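Chemist: Join the two chains, each given in its own frame, into one complex according to the hints.
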Amino acid sequence: MATMTLVQAIHDALGEEMERDPRIVLLGEDIGKNGGVFRATEGLWERFGAERVIDTPLAEAGIVGMAIGMALDGLRPVAEIQFADFIYPAFDQIVSELAKFRYRSAGQFTAPVVIRAPSGGGIKGGHYHSQSPEAYFIHTAGLNVVMPSTPADAKGLLASAMRDPDPVIFLEPKALYRTAKGEVPDAGSAVPLGKARIVRKGSDVTVVTYGATVRVAEEAAAQAEGEGTAVEVIDLRTLWPMDIEAVIGSVEKTGRAVVLHEAPRTCGFGAELAALIQEKAFLHLKAPVARVTGFDTPFPYALEKLYLPDARRTRNAIAAALSF
Amino acid sequence: MELPLRVVLREDGSADPELDPGLDDEALRILFRKMALLRALDEKGLNLQRAGRIGFYIGATGQEAAEIGSGFALEEGDWVFPSYRDQGVALLQGYPLSELIGQLFGNSSDVTKGRQMPNHWCDRAARVVSVSSPVATQLPQAVGTAYAAKLRGEKIAVIGYFGDGGSSTGEFHAAMNFAGVFRTPNVFFCSNNRYAISLPVARQTAAASIAAKAAAYGIPGVRVDGNDVLAVFRVTRDALERARAGEGPTLIEALTYRIGSHSTSDDATRYRPAEEVEAWRGKDPIKRFAAHLKQRGLLDDPEEKAVFEEAREEVRRTVAVCEAAPPVPPESLVEDVYAEMPWHLEEQREWTRMPEKR
Ligand SMILES: Cc1ncc(C[n+]2csc(CCOP(=O)(O)OP(=O)(O)O)c2C)c(N)n1
Chain A
-15 MATMTLVQAI
-5 HDALGEEMER
5 DPRIVLLGED
15 IGKNGGVFRA
25 TEGLWERFGA
35 ERVIDTPLAE
45 AGIVGMAIGM
55 ALDGLRPVAE
65 IQFADFIYPA
75 FDQIVSELAK
85 FRYRSAGQFT
95 APVVIRAPSG
105 GGIKGGHYHS
115 QSPEAYFIHT
125 AGLNVVMPST
135 PADAKGLLAS
145 AMRDPDPVIF
155 LEPKALYRTA
165 KGEVPDAGSA
175 VPLGKARIVR
185 KGSDVTVVTY
195 GATVRVAEEA
205 AAQAEGEGTA
215 VEVIDLRTLW
225 PMDIEAVIGS
235 VEKTGRAVVL
245 HEAPRTCGFG
255 AELAALIQEK
265 AFLHLKAPVA
275 RVTGFDTPFP
285 YALEKLYLPD
295 ARRTRNAIAA
305 ALSF
Chain B
5 MELPLRVVLR
15 EDGSADPELD
25 PGLDDEALRI
35 LFRKMALLRA
45 LDEKGLNLQR
55 AGRIGFYIGA
65 TGQEAAEIGS
75 GFALEEGDWV
85 FPSYRDQGVA
95 LLQGYPLSEL
105 IGQLFGNSSD
115 VTKGRQMPNH
125 WCDRAARVVS
135 VSSPVATQLP
145 QAVGTAYAAK
155 LRGEKIAVIG
165 YFGDGGSSTG
175 EFHAAMNFAG
185 VFRTPNVFFC
195 SNNRYAISLP
205 VARQTAAASI
215 AAKAAAYGIP
225 GVRVDGNDVL
235 AVFRVTRDAL
245 ERARAGEGPT
255 LIEALTYRIG
265 SHSTSDDATR
275 YRPAEEVEAW
285 RGKDPIKRFA
295 AHLKQRGLLD
305 DPEEKAVFEE
315 AREEVRRTVA
325 VCEAAPPVPP
335 ESLVEDVYAE
345 MPWHLEEQRE
355 WTRMPEKR
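Protein chains in written order, with the numbering used here: chain A, -15 to 308; chain B, 5 to 362.
The shape of chain B in the complex, shown without the other chains (with noise of 0.2 Å):
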């Protein structure tokens, strides 16, 4: 049985009433600015690895409503567990724009000390939690996550991230049969960005969809059309309120499309048809809520152009100071490895102090 799809955002750049979340004039053109702020992002991600000024970039370009729309739902005291594509969604939780950027550099403008390659940022404060690059591995720890605050009585929801590809692992199945279990406050957002690196969601699973395993755990699954921002907020924002009035869990996927290849260390022109591409462009997210803020008077021309010119210009001054920042110092390699430094890392923190001595 196939689970509908929900879309707001109607070819004519019209919402269909029946969905549409109501934001206010402010909402939405907010929304707007951070769309546009994670594509000057991922514009400038993919030219400083190019130029070499980076080791390494990873984009979520055609994605930004799936990202947005759903960042945009959560609420204070909620938990973000994101995969390495989700800046836009940690971006939305208040993690600092300087910091994220100073984590592809892995200086001293890192606060995370150069510990881990570019796009594997966190925030604690904005209860953003580490990413990992091993697939999926976030999603049972966001059961656990979701489980305490249960136990403490807080009403917060918290969210996991995760791509088609990560809905084949035994993490996925554990984690949906765990918060189904135990009823705990969380919503799994995949982006189905229809591939993962070269493999096609169809090699992925033989469901009719993802959302539809979703009842096998006994849980609702919600299809939505992830280059939508409005249905894709509507969608988490009811998700997420199920969850924090003790409604339990829900899986919702996005169905996006990714328009860059995987990574930088990746060229998806060898398994993908340039035409399929083509015509996934011709769906940008970010063009068409454009299409329809244009509609309501609250966006022209001259003003859509002068956003984008405004986020290139925060992420170009954002660089310029996290690229003079310091490398990170050579005895941090040992620190943070245990809450007390034991004996054998005192002793290798003096080798990387006197290199002659190791």
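Excised from the complex, chain A in its bound form (with noise of 0.2 Å):
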């Protein structure tokens, strides 16, 4: 057990695993020599090389097909995109082709690529810096979509990742790559994809959420439970496929949802939360399923702390849920 940060999690899984395993290669805009932007690549450049660590050049289709080429034939590439808002470039390479090669070859092909980004807002990124795309790719099918909020879950998460015989679209809250700390297992625990995590008990409404939201749902169950109302948390971890179970499990229990994420509100990861409630577990609501996200605008720079949820917009839709 060490206490460290969620990117050093993070780059403690990716040193742990390519020593591991000499399949897993690194690629990416300035991961190498500069360590990565937000350093989750530090001295790996220099511990297994320029031929692991990749310095790519200025072209995310590229770097993503080139891996997903890379991973027909046997190795295990980590690709990074520097930020999720600039994952769009590949777009195509995704969605067309990591995302069906298992299918469309039925099973001859397969590409266990993971795909590593710094998603979501919180540090005054503005429109391109801030951006929480996970409907697209949970909306793909054949795609892993993952998102850490603990150091430990970060470590254990990316080595299951990167595990994988599927590809992982793995979203790193970049929010909290320095503000959370916490202690961390030592090499070799895993932490399975697919599996939920129950942050705190409660018995009167159920938040579900991930990624950076966690603490804003752990600050309002807080808070509610001042005024005498048990909140139980559950922090997806793996977005897609999800741990069905988990959530299902405890709105049965508490008869009340509120789902907490930072994407759009539309269409977003909570709106197929919601219908997955009301269609598995209708006869326990004892009110609406909730939803606590950003506007349904582009992501904004001056009003971030606006369009972010926080704990108060959190309580008022446990509030609501409660007094329905």
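These are calculated hints, taken from the structure and not from any lab test. Owing to the predicted nature of the structure, the values given are computational and were not obtained by experimental measurement. Wrong hints could be hidden among the right ones.
In silico EDC-like cross-links for lysine to aspartate or glutamate, where the CA-CA straight-line distance does not exceed 16 Å [as the list claims (entries may be wrong)]: (1) B:291 to B:304; (2) A:289 to B:335; (3) A:17 to B:271; (4) B:298 to B:16; (5) B:287 to B:16; (6) A:17 to B:270; (7) B:291 to B:305; (8) A:179 to A:211; (9) B:291 to B:308.
Modeler: This is the structure in structure tokens:
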């Protein structure tokens, strides 16, 4: 056990898995000598050499396309997209290619690529350094989508992602890179994909969330506790395919659900969560499933604080569910 | 095959008479003042960011000749598709300094309502198109605008700016190829400042130069000394004239150097030797031009100082006004998403007014 930040945990997972598995290569912009703009790959270029830690030209379609080819032929590439906001030039490679290789070849070709991308707001980055694009990838059959919220999960989930037989979009909440600190188990302890984490137990209402808004939910839950409301907080960790049992089990117990994420509201992942909850736990529900989300606008610069869901908005939704 | 490097300003401060664009004294003085203004803006921008008064800043220190030389060649009616580092070009197009600085603050002095992070401005009246972060997205758009002008028979040119890193993108390829096929009135101006964040240009291309790529698209490529304001002006003016005359697009590569870090989020000492930066400081484009002006009797030391002082003062004054402006109103969050506000944004606007309702 060691205490570290979320970005250090990611760094450790990369280093340890690269030691363990010589097929792992990293590729991306500024990941070599510079160690990545967030320093997630700091020192790995020196440690593993320029052939395994590859600084690429500036072209995300090239990065992901090349990673796919590497994976088709036995390597285990981990691509870094500098910001999730710059993943769109690679959208065709991800959606048309990466996600579909297994299906279209009936399993003859598979592309176990991990794409790491710093995601979400909270760093005053405006439109292009703040977006939460998870819904596009959840919507695309064939991709795993993962987003940790603690250093331990970041390390354990990334290790699992690198061992998974299918592609993984690994979204890293950049606002937590240095602000989330915690104990992280030593080498080898992977956290399985597809399993949610119950952050805190409660019997009155379930808040389902992931990534940077987990701490928002915790804050709201702590405040609600002071008023006698017991909030259960679920950190999905793997967004897709998600841990349906954890969510439905909890909602069957509490009868109320609030889904919380930074991404815009319309067609956000929260919409899918709400649909699943009402399909599978309808008779247990005492209130409509509430959504606390970003706005249906491009991610703003000056009004970022207003845009991002916070504890107050989450508490309002909890209160509304309770008083319905 | 290596393209020749175009140079006007020689080591001794004189101008090569063959390539000298023949600007009059007043024009030469304006060029100098604008370069000084751009430098003063960078000094202030970096200081404001360090002091936490703005959130971010991207400078063009060391690239003033490429910025001002090319921007000065633009004429009434021309369009600019800039990258985030081209504030110098925007100012020459008539983008007011007060709006540029207002944008850095993102408050109500920002005509774009604080929507984007610093260095992401625009000005419809000056035909300076909105800056976006994703690299090189502006280049195919520049082709479209040039096509529209051509279709209407307007004799204007459209210039698109990008960096050496941008030349690696699919958008660069699409833009060059489309412009070549459609013979659009475009100029593509690459400020090759040798780095894309930490990566040296050798990591972007194995080609002899970026300008050399033009040949593959059937358009002319030009390499110019990007620290030589007169050479940059000359080749850009020539390319813009070609474009306006219906002779098609040109790719210009200006060889310069990014003296500062990529942005205030970057630390260039991690990946660049100090000696390299020092060597380029010795090739300061403003000093180089000053030497030329002094030789021509258009500038002396006290005047040079005065020009910089004036530039700093203008920036200081403008900062004071912009910084004092109130924040943008919360309900502006949901404006401008569509021409008319749909029901769901009307609903969300209410939430910005009555936070307790959200
Ligand atoms: C598509 C895309 N990928 C990654 C980035 C992150 N990024 C911002 S600037 C930059 C380097 C750009 O270098 P260059 O094009 O040479 O222009 P310069 O900044 O040197 O002016 C990178 C990688 C981005 N903005 N857009």
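Chemist: Each hint: holds or not?
Modeler: Cross-check of the supplied hints:
1. Restraint check for residue 291 (chain B) and residue 304 (chain B): satisfied, since their Cα atoms lie roughly 12 Å apart, inside the 16 Å limit.
2. Proposed proximity of residue 289 (chain A) and residue 335 (chain B) is supported: the alpha carbons are some 13 Å apart, at most 16 Å.
3. For a cut-off of 16 Å, the pair hint linking residue 17 (chain A) to residue 271 (chain B) stands: about 12 Å separates their Cα positions.
4. Taking the CA atoms of residue 298 (chain B) and residue 16 (chain B), the gap is about 11 Å. The hint holds against a cut of 16 Å.
5. Among the hinted pairs, residue 287 (chain B) with residue 16 (chain B) is consistent with the structure: their alpha-carbon atoms are about 13 Å apart, no more than 16 Å.
6. Restraint check for residue 17 (chain A) and residue 270 (chain B): the C-alpha separation of about 13 Å stays at or below 16 Å, so the hint holds.
7. With a C-alpha separation of about 11 Å, the suggested pair residue 291 (chain B) and residue 305 (chain B) falls inside the 16 Å cut-off, and the hint holds.
8. Of the pairs offered as hints, the one joining residue 179 (chain A) and residue 211 (chain A) is violated, with about 31 Å between alpha carbons and a cut-off of 16 Å exceeded.
9. Taken as a hint, the residue 291 (chain B) and residue 308 (chain B) pair is honoured in the structure, with Cα atoms around 10 Å apart against an allowance of 16 Å.
Checked against the numbered hints listed earlier, the structure breaks hint 8 alone; every other hint is satisfied.
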